Each structure stands twice: as C-alpha cells, then as structure tokens.
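Engineer: Chain by chain, the residues run as shown.
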Amino acid sequence: GNSVTQMEGPVTLSEEAFLTINCTYTATGYPSLFWYVQYPGEGLQLLLKATKADDKGSNKGFEATYRKETTSFHLEKGSVQVSDSAVYFCALGQAGTALIFGKGTTLSVSS
Amino acid sequence: GAGVSQSPSNKVTEKGKDVELRCDPISGHTALYWYRQRLGQGLEFLIYFQGNSAPDKSGLPSDRFSAERTGESVSTLTIQRTQQEDSAVYLCASSPGGGTSGSRAQYFGPGTRLTVT
Chain A
1 GNSVTQMEGP
11 VTLSEEAFLT
21 INCTYTATGY
31 PSLFWYVQYP
41 GEGLQLLLKA
51 TKADDKGSNK
61 GFEATYRKET
71 TSFHLEKGSV
81 QVSDSAVYFC
91 ALGQAGTALI
101 FGKGTTLSVS
111 S
Chain B
1 GAGVSQSPSN
11 KVTEKGKDVE
21 LRCDPISGHT
31 ALYWYRQRLG
41 QGLEFLIYFQ
51 GNSAPDKSGL
61 PSDRFSAERT
71 GESVSTLTIQ
81 RTQQEDSAVY
91 LCASSPGGGT
101 SGSRAQYFGP
111 GTRLTVT
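If you're matching them up, the sequences are chains A and B in order. Following the numbering used here, the numbering of the first sequence begins with 1 at its first residue and continues without gaps. Following the numbering used here, the numbering of the second sequence begins with 1 at its first residue and continues without gaps.
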C-alpha cells in the first residue's frame, strides 16, 4: 500500500542554517505530495504542495520538488529562523482517499 | 470565510463514558476527514466522507468508533465506552473534493484534545 517515510527528528539548527527534511514515498499511480506544518499549540497548516512530477512547491522560503525517479519530496529552506520551529509532516494524496502522513519531524531553531 | 471549526477544544472524560466530537467544515467543501493524533505520533486516518457517497470507514480502530455527516455540513465523531488509549487529539479536515480530490489540499481544524481518565 501507499506510505510516506520522513526523516526522524528532532532536527536542531542555528538560525540562518540550511534545512533539509527528507521525505520519500511509495505509491501506485501518480499521487500529489504535500508538506504540512504544525506550530506549537496550533493546528496543521498546509505549507506547500506539488501535484505532478518535477513540480516545485514553495512558500515562506520553503521549497520541495516532486521527484518521481527517486520517489522523494524533500523539504528545504536556505536560511531558517527561530519562528520556523515546528513539526513538519510530509503527506501523500490520491483521488478518493484520505491523506497519508509521515510521522512528522520536529525542527528546533535556536538564535 | 471561516475555516474548519471543531468543538469542544478540550474534553476530559471518565473511562467507559461516551463522547461526541463535532466538526464544521469549510462551506462548500464536499470532502470531510477525521484523523487521530496521539502524543508524539503522526496522523492516523479514521474516516472519510465524500458528498453523498458511502463513507470510507477503513481507518476506524474498533466498533466503538462511529461518525456521521449531515449532507455536506456538520460531522460528529462518536466514541462509545471510551478507553485510556483513546486519549489523543482528534482532527477534522475538509477539502473541495471532486474527481481530482487527491491533488486538493485538506484544511484542518484546531482539533479536540480528548483525555480519558
């Protein structure tokens, strides 16, 4: 069945460091891929998405490229801020089904 | 317009009691989902409603869990004879749905934190 695997956390970085959170997936067909973010004490928010191979989703300085050849959707940001501290979830979606989420990666950024 | 809302925001109940959790989706969204998030875990799919189709109940963990949806509006998730392992945050999400619903993002409510003592 379909699944999403993302890197274990926590990830601890200093402000302005480069961020990569790895996400790989297993799916039949052509899923859409998402990154959601959950800030402390808040609900899940969509961060970015990509609906087909080679698409790049981007938002708030974060980017992820849908790589079909490596079945990956890694999240990157060039310079993280303290306010980026949150839990990040990679997710996969296909028509007629609920999203399948990874287990989440906690990011902690210190000044 | 308003986002997805859920009530109550917090619920503490005694083991063995029944609870009802409510979700109001974004107006016009035909698809509605319930998930469970245990402490430190990812999201676990529970049930999915799409328009007037039969719901996908494949994620419900036991027959103590059930959910209803009235048309394309409010949904209630009911947990009967609650157990301590039911303690979690219950999240509701909605999306516009439709034939290409896999590409459509889901919009989440703030969740209901359920504690079973």
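Derived by calculation from the structure, the hints in this document are not laboratory data. Being a predicted model, the structure only gives us computed values, none of them experimental. One or more hints might be untrue.
To give an idea of the chain A side of the interface with chain B (calculated C-beta under 7 Å), a few residues [stated by the list, open to error]:
| # | residue |
| --- | --- |
| 1 | LYS49 |
| 2 | GLY102 |
| 3 | LYS103 |
Just so it is clear, CB atoms sit at the ideal spot from N, CA and C, and this is done for glycine as well.
Engineer: Which numbered hints does this structure break?
Structural biologist: Every hint satisfied by this model.
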